[in-house]
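Those sequence lines, one after another, are chains R and W. Quick note: the first sequence uses the numbering used here, first residue 25, plus one each step. Quick note: the second sequence uses the numbering used here, first residue 27, plus one each step.
What the hints contain is simulated information worked out from the structure, not anything from laboratory work. Don't take each hint at face value.
[Unchecked claim] Dumping the calculated DSBU-like pairs for lysine-lysine here, alpha-carbon to alpha-carbon at most 30 Å: (1) R:K149 / R:K164; (2) W:K124 / R:K164; (3) R:K149 / R:K88; (4) W:K124 / R:K149; (5) R:K88 / W:K124.
The model shown is predicted, which means the values in this text are computed figures rather than measured ones.
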Amino acid sequence: MHALWAICQWLEHTGLGTTVRVSAWMFPTIEVVHIFGVVLLVGSTTVLDLRLTGLAFREDSVVKLATRFLPWTWTGFALMAITGFLLFASESSKMYDNVAFRIKILMIVLAGVNALVFHTLAYRKVETWNEATAPPIGAKLAGLFSLLLWFGIAIAGRMIAYL
Amino acid sequence: MHAFLTFCHWLDATAVGQAMRGTEPQYTYLFPVIEAFHILGIVLLAGSTSILALRMLGVAFCEDRVSKLSRQFLPWAWVGFGAQLVTGFFLLAAEAVKSYHNTAFWIKMALIVLASVNILVFYQTIYRRVEAWDEARFAPIAARAYAVSSILLWFAITAVGRWLNSSIQSYVG
């Protein structure tokens, strides 16, 4: 992955990466906004995932909760991608070598794949199980994997600074 | 606060405090893992209270009655608060005395007291008459004042928590 390593080296020496790195207040501020993003993103996915697993919010239909909370998921994701990129840019070569960072990115990709698989399979036929207190097994697994992945992503994220 | 300082000295010296400082190899990553759960607790606590606040401000979730959302999300706020107390205690145990002498720590505690009083007072007073405005898009002005202060406080606590983390870490060699 020499090309990737070269990109990381280049990125942290750009004006953007350098500015965030040398500033006393930028990194902590961006990090706090990154945590606010966690509340938006993981908060909204958790509500939906608890519904899909049949553990909570059963009085509301799946479509209603998805319609209402997914916009927040997207907003949260955008916030995390932007703040995450800025944090990454300030120390990209260190991140390249960081095991926790790599696992975090892998889990984010897996969470995306999980969501995609769910939307193209189980969610296609949601009208048949929209009101069900116990959704079909595919939906339950998607909800469970999503919960575990986002919790794992938060843990891996915190570990980055400690490795 | 002499009693609390004595408590902090005691807490630092406990096995829990030792473990949280991660000097023994099996506990190296205990602190960041507990910290991660503390952040997930923010999601439950700040997330739940913010959902209710946004409803009262007429910004989101307006198809549902305030009392219904309250019934659904308040239990999660309590779970979140419990998680924060437990994980917060473990985090404190790692550097209790340093926390005692840290400005960010006391600001954070004061804000937590404020935020807690805010929500308790709201539910004991303004919320008592919720049937009168349950279905309205905009809650009464007092409820909206509560909502704004709720969001500001829980997010400020998060920011101060991050400040606390970096200022304590800078003591460590």
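Quick rundown of the hints versus the structure:
1. R:K149 / R:K164: Holds - the C-alpha atoms of K164 (chain R) and K149 (chain R) are around 14 Å apart, at most 30 Å.
2. W:K124 / R:K164: violated (45 Å)
3. R:K149 / R:K88: Roughly 15 Å between the alpha carbons, so the hint for K149 (chain R) and K88 (chain R) holds.
4. W:K124 / R:K149: violated (56 Å)
5. R:K88 / W:K124: violated (48 Å)
In this structure, the earlier hints numbered 2, 4, 5 are contradicted, and the remaining ones agree with it.
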